[in-house]
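Enquirer: Here are the chains, one letter per residue:
Protein chains: 2
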Amino acid sequence: MKVKVSVNGFGTIGKRVADAVSKQDDMVLVGVSKTKPDYGALLAVSKGYKLFVPEEKTETFEKAGFKIAGTIAEMLEKSDVVIDALPGKKGAEMKPLYEKYGLKQIFQGGEKPSVADASFSTLCNYEKTLGLNSLRVVSCNTTGLLRLICTLNREFGVEKVRATLIRRGADPREVKKGPINAIVFNPPTLPSHHGEDVKTVMEGLDIMTSAVAVPTTLMHVHSVQLVLRKQASRTDVLDALERAPRIILMNAGDMGVKSTAEIMEVARDTRFRGDIPELVVVEDSVTVHGREVMLFQAVHQESIVVPENIDAVRALFELANTWRETLEKTDKNLGLTYRFY
Amino acid sequence: MKVKVSVNGFGTIGKRVADAVSKQDDMVLVGVSKTKPDYGALLAVSKGYKLFVPEEKTETFEKAGFKIAGTIAEMLEKSDVVIDALPGKKGAEMKPLYEKYGLKQIFQGGEKPSVADASFSTLCNYEKTLGLNSLRVVSCNTTGLLRLICTLNREFGVEKVRATLIRRGADPREVKKGPINAIVFNPPTLPSHHGEDVKTVMEGLDIMTSAVAVPTTLMHVHSVQLVLRKQASRTDVLDALERAPRIILMNAGDMGVKSTAEIMEVARDTRFRGDIPELVVVEDSVTVHGREVMLFQAVHQESIVVPENIDAVRALFELANTWRETLEKTDKNLGLTYRFY
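Chains A and B, in that order, are what the protein sequence lines are. Just so we're aligned, residue 5 is where the first sequence starts under our numbering, counting upward by one. Just so we're aligned, residue 5 is where the second sequence starts under our numbering, counting upward by one.
You may find that some hints are simply not true.
Chain copies aren't distinguished; within one or between two, either way the pair holds.
With a straight-line cut-off of 25 Å between C-alpha atoms, the simulated SDA-like cross-links for lysine to any residue are [as the list claims (entries may be wrong)]:
{"id": "1", "residue 1": "K234", "residue 2": "E163"}
{"id": "2", "residue 1": "K27", "residue 2": "L101"}
{"id": "3", "residue 1": "K164", "residue 2": "D288"}
{"id": "4", "residue 1": "K164", "residue 2": "R295"}
{"id": "5", "residue 1": "K40", "residue 2": "P195"}
Just so you know, these hints were derived from the structure itself, not from any lab.
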């Protein structure tokens, strides 16, 4: 029996998650929802995904020449679980409807933690979330931080984390968002919410973050400082990162790749859509000073949470018993190699 | 007897330093140098500054209609001290010529520390540099870090500093520099040289920095984490910053000013050229957690080192005995108020 998954929202995250669901052998994609008959709707149709629309928009879509599969309510009725990929905070508004149809639910990091039974990150708390009714996959930044922290925590213990997040201002297609020429304190008050969000998955961790937004669209960069519990050499840390799943350890000097633009160029040359669902850790930056580790990492905000959304489905339906089991399945199906070449 | 100062180079820093020298009552501006008869040369002439040019360029300038005061060699001959404001590394090439004319010398932070007898930052080491023959005023980023560190060090002691520098990619007029859409690891290897540069003034400080360059032209932003030697409350830290010279403590929330663009807009409304020679510390960001302090600060890269260049002249000629004495004189003459309104 395959789990029947619907994806509500077909934007930046939704379209990638729909692709990912359709590649899993223990899930079936019921369909995706759209509210406007735009290029995204054309994409869904061209991929053969069933298109569901709000009841009051049926006519609009039909006039625009779209063949629709039904209303959003009908999509939900046919599903076991909904992956909500609507813009931030809209998921919470939809929750009563999801409950009405008796669906399990997966929300994105733009929602408040209280929207779901637990916040989720595969490498950190998969086993604790087995069989729950709803999960919130944490945001791209939080997912990036947690991939690193949980990997190093497993090997050496992590005592303390301080990080500065240099956030891309907007996604590539978002023409109305800024900044164009500014570094924005995001927010001016410290610590930023990102560290708090990490704690929704790793309760009690000593973490404080600050964040700025800058005029670029490609990736977030994190300047991270961690204090380990055990002494480890630089080689130990690099080995752990090299072995870790969902992390690409990239040597910026050897590759001649010293910015997010150059990382994305490599991805455009080697990956569908130029996506990088892995966390990219800059090998040259990894510096160990006593129990302190400093490094740079880069997060492809559009795709990093996609594998975690798939794992979240498996957690809700107990389709895999361990994080390792779901991760291996997801990453094989998505063709993730943890390297560019 | 006024000290005779020439300013070699009339670019971003040189033109501001020349203005500053001409406002001091214990210095006289011999003149400034230009190598091309462009808008900068027009600016110098319109301000009544004597224009000196390379001997082989005399004809070019005269053909362009400029009245020149002589060659660069003649400018140096008439001076007691030269403030070198040439592009990075060019100062070291000029040093033999400066020595030939028996001049004391001030270099900028783009030069290696070995170019001068000492690296210099008014609030940190003025008294130690009295009577030396040459000084290197540290870079804009280093000056910004040192203003903060030496202020807090004086009040509470500073045990450790970790900072991420989010650097503007280019100055407003630099049309050939990037990045346009990238966050650049600057450099990928950690720690970055900025912490090392701080140590040229504060030997032995436990400081490590990382830096990225981003697509903006206005100001650098520093995300700073310091560990104090003494326990201090947030109020203590804010009081110290409020009282400190050359620091503007700005409340981003109250002002509605949450980015470098908005800070510069305030400066354009209130300051000549929109310059901010003070360090801007974001009041809302100041967070105290045990002995740990976190905050954001912003550095106007074009003007922050200007007052330090003036103080460096006073140090070389012992025109003031203490940092407080030179600072009060410089800042009064420059009209620095440590606030926007």
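Enquirer: None of the hints should be skipped; say for each whether it holds.
Expert: The hints, checked one at a time:
Taking the shortest alpha-carbon separations for K234 and E163, both the intra-copy value of 9 Å and the inter-copy value of 23 Å come in at or below 25 Å. Proximity of K27 and L101 under a CA criterion of 25 Å is satisfied in neither setting, with 27 Å inside one chain copy and 71 Å between copies. In the homo-oligomer, the alpha carbons of K164 and D288 lie at most 25 Å apart both inside one protomer (22 Å) and across protomers (23 Å), since each shortest distance falls under that limit. In this assembly of identical chains, the alpha carbons of K164 and R295 lie at most 25 Å apart whether taken from the same copy (10 Å) or from different copies (15 Å).
In this homomeric assembly, K40 and P195 never come within 25 Å of each other (Cα to Cα): the closest approach is 38 Å inside a single copy and 49 Å across copies.
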